[in-house]
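**Q** Quick note, the sequences are listed as chains A and B, same order. First residue of the first sequence: 1, per our numbering; consecutive thereafter. First residue of the second sequence: 1, per our numbering; consecutive thereafter.
Calculated from the structure, these hints are not laboratory results. All figures in this text were calculated on a predicted structure; none of them were measured in a lab. One or more hints might be untrue.
As the list claims (entries may be wrong) - Taking lysine-lysine pairs in the BS3-like style, the calculated list, with each CA pair at most 27 Å apart, reads: (1) A:731 with A:698; (2) A:691 with A:644; (3) A:532 with B:123; (4) A:532 with B:16; (5) B:145 with B:104; (6) A:179 with A:203; (7) A:470 with B:145; (8) B:275 with A:259; (9) B:14 with A:471; (10) A:972 with A:944; (11) A:698 with A:179; (12) A:259 with B:145; (13) B:275 with A:225.
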Amino acid sequence: MTKRLDLKKIVIIGSGPTIIGQSAEFDYAGTQACLSLKEEGYEVILINSNPASIMTDKGMADRVYIEPLTVEFISKILRKERPDALIPTLGGRTSLNATMELADSGLLDELGIELLGVTLEAIKTTEYPDLFKELMKELKEPTLESRVVQTIEEAVLFSEQVSFPLIVMSMSNKVGSVKVNCTNLTELENALTKSLIRSPINKCLVERQVSGYKEVEYEVIRDQKNQAMVICQLEHFDPVGIHTGDSIVFSPTQTLTDKQHQLLRDASLTIIRALSIKGSCTIRFALEPFSSNYVILGVNLCVNRSTALASKATGYPIARTAAKLAVGFSMDEIKNSETGEFIFEFEPAMDYIVSKIPRWPFDTFEKGDRKLGLQMKSTGEAMAFGRTVEESLLKAVRSLEIGVSHLYLADLSAASDEEVLQKVSLAQDNRLFYLVEIIRREYPIVTLAEKTAIDLFFLDKLAHIVEIEKKLINHLFDQETLLYAKSFGFSDAFISLLWQTTESIVRDFRYTNKIIPVYKQLGPYSLERKTKSAGFYSTYEEENESMPTAKKSILVLGSGPARIGQGMEFDHALFHAIKAIQKADYEAISLNNNPETVSTDFLLSDKLYFEPLTLEDIMNVIYLENPVGVIFQFGGQTAAALAKSLKLLGVSILGNVFLDSLNSNNPITFEEALTHSGIPIAISSSVATKKEALFSAKQIGYPILIQPVVRLNENKIDLIDNQLELEKFMKRSLTHSTFFITQYLNGIEVEVSSISDGEAILIPGIVEYIERSGIHSGDSMAVYPTQSLKPEIKQLIIQYTKQLANHLGCIGLMTSQFVVFEDQVYLNSVHFHASRTAPFLSKITNIPITEVATNSILGQSLKNQGYQDELVPESSKVHVKTPVFSFAQLQKVDALLGPIMKSTGEVMGSDRTLEKALYKAFEASSLHLADYGTVLLTLTDKDKEECYAIAERFHQIGYQIIATSGTEKFLKNKNIPVQSIAKLDERKEENILDIIARGKVQLVINTIGRTKKGAKDGELIRKSTIEHGIPLLTSLDTAAAILSVLEARTFMTQPL
Amino acid sequence: MDRILLLEDGSLFKGKGFGSLIDTIGEVVFTTGVTGYQEIITDQSYNGQMIVFNYPSIGNTGINRNDYESIEPTCKAVIVKEFARVPSNWHNQMNLDEFLKNKKIPGITGVDTRKLMHLLQNKGVMRGTIVDAHDDFKHAFDQLKATVLPIQQVEQVSTSRAYVSPGNERTIIVIDFGLKHSLLKELNKRNCQVTVLPYDTTAESILNLEPDGVLLTNGPGNPNDLPTVLTMIKAIQSKVPLFATGLGHQLMALANGCTVVKMKVGHRGLNHPVKDLATGTFYLTAQNHGFLVDSDSIDQTVLAVTHIELNDGSIEGIKHRYLPSFSVQFNPDAAPGPHDATHLFDQFMASVDDWKEKKGV
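If we strip away everything but chain A, and leave its shape as in the complex, we get:
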C-alpha cells in the first residue's frame, strides 16, 4: 500500500505563539509537513495564530486560517472545511490539547475526521503518566517508581519508601503539567498543596527522581508496515534533572558502548511499535552511571525541539518523512523529487560531532532565576559541528551571541575558588564557564566528575581545552601550536587575548601561514552515498569539499539563536530573502547556527554554512566563496554590528550604508545622523554625572527616559517620573560613565514599514500601537490599519518616512517608529533589520515585504517589481497583533511592562471590526475573559485619574470591582461601587494574595511600578496572578481595549 487515496483534505493545527518551550521548531516541522503533503496532491488546511511563522505564508498550505487555536474557532473551521483527517502532532502541546478537546467534544466523530500519524489512545498513553507506566510495565520497560496520590499523607508515605528527590506533577486531562522537584519533606508538602489545587481531578503523581543518571534521547520513526528505525541519538552533557530544552546536548551519543546503544535502540523500537505511531517520536532515557541499567523517562509524540535538532544534526528530513508516513506511505515507498537520490530507509551514520547549547534570556532578565531544573527557561539554542568534541563545543559557545569567543568569562578570574566550586555544583546557565574555570585552577577532573555527575569523558575535553590555552601562552606565534588550537575550535579572538595582540594580527598571521579552514559537507550517509545536501561546516583538516561555483553569489547573514527581541520573524525574513536571491539568479549562500529554523533547512540555500556568526567565521567563508556582497538586514543586531567590521575589511555590504552607526539603540549617533533631516525627535542630552543628569532632566522636563550608553544594549532603559526617582536611579547605576536622557513623549506610538530602492519608497503599512509609548513596541498590541490617527498626521508620518529614507540613503527595508504627541510627530527609532511587523503586514497586504526589500537591495527598482511610490491602500478588515509572554516559565521576572521588551512571541486576530479582531487576538493569546466577574485594581497614584473611566466601564457591564484602600476611596468618591481588600501588610483575614489564590477574581489590573512605593507588593501580586493563571494587565490602554471587546459582547442595561 502506498499513499491513501481515500483522503483528500487534511488539517494541520500549528503551535500558536512562540513561548519558552514552543518555538520556531514547530514552524520548521509544520512547513516541511505542509509541503510534503501538498507534494502528494492532498489539500492542506492550516490553522495557526502565529503571524511570524513561515507555515502561515501564502503557498505553504492550500488554505491558511490565522485564528485562535481554541476549540471554539477550530470547530468553526472544521465545520466549514469538512476535512477527512487531522494531523495533531505538528503543533506541540497546543495542538495535542486542542485535538483531545475536539475529540472529547465529539466533533471529530460527528464530522468523521480521522487522526493521522497517532491515535487518540497513543496521545493519552504518552501524556498521562499513569497510563504510560502501565504500558511500559506491559512491555517490560523500566520506568521510575511513582504513585498517584490524593492526599499529602499518601505522598509522605511514598517518600518514605523511596528516597528524595521526588517530582510532583498535578494530573489533568491536559498535556504538559507543571513538574516540581522536591528534595525534602517541606518542599514535598508545599508542592503537593499547590499541585492538588491545580489538578481538576484532585490527583497528583509523585515520582522518584534519579540524580546523577545520564540522559539520552532517541529519535525514532515507524511506518504502517511496522518498519522502524532510529534516526538520531542525543546525549546530554548535564545529568538528568534539567529540562531537555535547557541541556547542553551532543550528537551522536559519545559515551555509550555499542551494546548500550543497541539496548536503548531495541527499547525505542519496542515502544514506537507498541504505540503504533505512523511517524516519529522522541524517547527519553536515563542511564545508571555504573551499570547498563536504564529507565524510560518519557515519550514525546510531537515533532519537537529534539526532532528539529536531530533533523539538522543528521540531515534526515524527519517531519517531511513523518507526514508521508502518516498518510500511508512506508519508508521504502517515499520518493522525493527535491531530495534526488535520497533514500529514506536507513539510519544516519555521522562523521562529525554536533553540540547544542541553549540560549537563555538572562541578559534581558537580569533578575531572573538562573537555576536550571524541570522548567525550561531558554528561548533558543545554537548548534555547531566539528570533527572533535572540543571544536564542536567551542564553535557552539561562540555562536551563542552572549559576547564570548571562548569558554572564558573575564569576571570569573576574580572569583574565589570556593565561589567557583559552589557554582560548579549548581546547574545554572553559565555552569560550563565555571567548570572550565575550576579546571584552569587545576582542580582534578575525577573529583569534578564525582561532584557533578558530568561524564569524565566530557570533563577531559574541557581539560584538553585548558591545556591548549596553556600551550598557546607558552608558544606565541607558533604555527604548529596555532594549527593545533584551531583544529580544536579555538577562535582568533581568544588566541589574540592569550597572545596579547589583536584579532586582526592573529588572522593575518594565520592567512600568511595558510592556516585556513576547510569545509566538510553535512549529510546523513557519512560518505557511503553522495548527497545533495547544501550544508557545510568548517574544520581544520586537509580536504575542502565546498567548491565555489562560477555563478555570482550573495552571502546572507543569519540571526543566530532565538532570544527575546530576535525571534521567529528573522527566520521568516531569512527564508524569503534566500528565495528572492535565488529568483534573481544569484547563488544564495547563508550562514547561521540556529537549528530550529526553516531557513537552515539543508535544501533551501544553495549553500548553508552552519557556523558561528563571528567576524572570523564569516571572513573565512567570504575568503573561500568571494561573494558579490553580503546582506545583513535579516540577521538582527549581531549581523548589523558585524557588517561594519566586514566593511572595514573591504567586504561589499549590500543595502544600507549606515550600518550600526544609525542604530537607534545608540542614541548619540542616532541624533547626529538625523541632524538637518528636518525630522523632529525627542529632546535629549548625554550626561556623565548625577548633577548633570538632574540638571538635564529638569530642562527637558519629567518624565524622562534614561539609559546608560552601552553599544547595542537596549535592556538598560528606564522610565523616570521625577527627581527623586532619578536620584535613586543614578545611585544604582554607578558603574556606568555616560547616560543618555530623552524626553518621554506620552503619546500614541506608530510603526511604519517601508522599502526603498534609492528613489521610490513603498510603504506596505502603518500600524498603531494600543499601549502608549513607554512600553516596548514588541510588548504592545499593534493594530492595522491605524484607528485614531487624523489624515493629516498620517500624511506627515508618510512624509517623514520618505524624508528619513532619502536622508539616510536607505536601500531595502526600513522600520521607523514615531510618537504622536500633542498633534506633533516625533521620530522615535529606526531600524534596518527584519521586524516583527513585516511578516504580519506581509500576510495582510499580500506584499512579500522581505522579497521586495531583497530585490531592491539587489538593484531592482520598485517600479520594475510592479510597486508604486506610495502607502499601500489599507484593507477594510482590522488586524491586531498581540504579544505573548512566558512569565509562567521565568520565575522572578516581573511581568510589569516597560521600555524593555519581555514578550517571546505574538498572535494575530483579524475581523471586520476592531472589537472582534481584539477578541480573537486576546483569545489566541490565551487571555480569555469572562462575560462577568470580578476585576481587581491595584494602581499607581498617577494612574488613578485615568482609572475612573475604566472602572466606570467595568461597572456598566456588570463587573464587580475590588481595590485596595487608596483606589477604593478614590472610586467611591466618584460613586462607583467598589469593595475594598487588604494590602499585603495589613493584618486581615483575607488580603489581595488570598483572593487571587482562592480564585475570587477573574482579571487583575496592576500598574505599580518597580521604583514606586509598594513596588514589592506590586511584583508579588503580578507573580501570584500569573501563577494562578489569571489574566493580568499592566497597562490601562490594554484594559481599555479589553473593555471595548467586553462591551461589544454585552447588551447595554441602563435604566431610563
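Dock chain B against chain A, hints included.
**A** Just chain B now, kept in the frame of chain A:
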C-alpha cells in the same frame, strides 16, 4: 611520534602514532559505524586489513571485558581522526592506546579520515603502509608495491583444534573461518550444544559427529582461496541444515555454482538497509564484506535470492531451492550493530527442528 600512512597510489597522510609503533602493511578499508570499535577491531574478518574509522572520535568508552569478538585481534592497523585519551564507561578497563599497544597493533591518529575515505571510494580499496615520518618514503613505497598480501587468512584466524560450548538442546557444529563470539552467544541463547571445528575439517568428520545443523561463520579474505571448503559444503548440505554468514555465505554460494567477486570498496558499517524479499520489509544490518555474490551468476544455480541491500541492490541473502540451507552476507549476530536480524537464528533453529522431525519420520 609523527607517523605517516602511505597508499599504493602514492597518497600520503600525516598523523601521530599510537598503540604499537611498529611498521605495518595491509589492505586499507573503512567502516562507517559510530559505535562498536572494540568489536570491529577484534572481528577476525578484518584480518590483514587496516581499518579506517569514519566516525572521528574513537575509543570514547575504552575497552571492556564484554565486547571482544575474539581475544587476539589480527587487523593490521587502526586509522582515526582522534582517539579518546580518557575514555569513560562504567566497565572500561583501559584506553584504546594501551589496548593496541598490548595487542601490537599500530594506530595512527590525526588523519583527515574523510579525505582518506573519499580517496578509497573513488579508487577502491588499496594497500597501505604505516611508517615513521622520518623514514625513507621511497623505500617504504617500494616495499609496499612489492608486497603481496597473504591469502591464507582463514588459516591464521580459525581455531586449530575442536572445542565444545555446552548446551542441552540441538547439536550444532560451527565451522570457524574467523568466528565472532557473538555467533556463539546467539547459539547459546538458544540452548545449543555447540562444537566449533577448524575451517579445514572434512565433511566426513563433520557428519560423524551427527550434527542437527551446521553454521558456517564469517571470516576474512577471498572465498575463492578456499577450494577444499567448497568440497566439504557440497558433501554436507544434502545431509544437514546449513546456515552461513559473511564469508560462510560466500562459500555456500561458490559451492553451488555462483561466482564471488571483489567489491570496489565493500560494505562496512552498522546501518545497511536490507530488504527481506519474502516479507517485503527492510531492516538495518551490520555489515563487513569486501566480496559479494555476483548477481548475474545466480540465475543458473539452485540458489534463490532472499535479501538485497537497498543502497546498491547487491545480494545479501540466499537460500538453496531444495535443501534446508540458507545464508546471509551481513552479520545477523550484530555486535556491533542493530539486532534487527537476530530472528535468522530462530529461523535456523526452526529449519533444524523441521529437518529433525522429518528425519525422525
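**Q** Does each hint fit the structure? Answer for all of them.
**A** A quick look at each hint next to the structure:
no., hint, result
1, A:731 with A:698, "18 Å, holds"
2, A:691 with A:644, "35 Å, violated"
3, A:532 with B:123, "21 Å, holds"
4, A:532 with B:16, "33 Å, violated"
5, B:145 with B:104, "23 Å, holds"
6, A:179 with A:203, "13 Å, holds"
7, A:470 with B:145, "44 Å, violated"
8, B:275 with A:259, "24 Å, holds"
9, B:14 with A:471, "22 Å, holds"
10, A:972 with A:944, "12 Å, holds"
11, A:698 with A:179, "51 Å, violated"
12, A:259 with B:145, "40 Å, violated"
13, B:275 with A:225, "13 Å, holds"
Of the numbered hints stated above, those contradicted by the structure are hints 2, 4, 7, 11 and 12, listed in ascending order.
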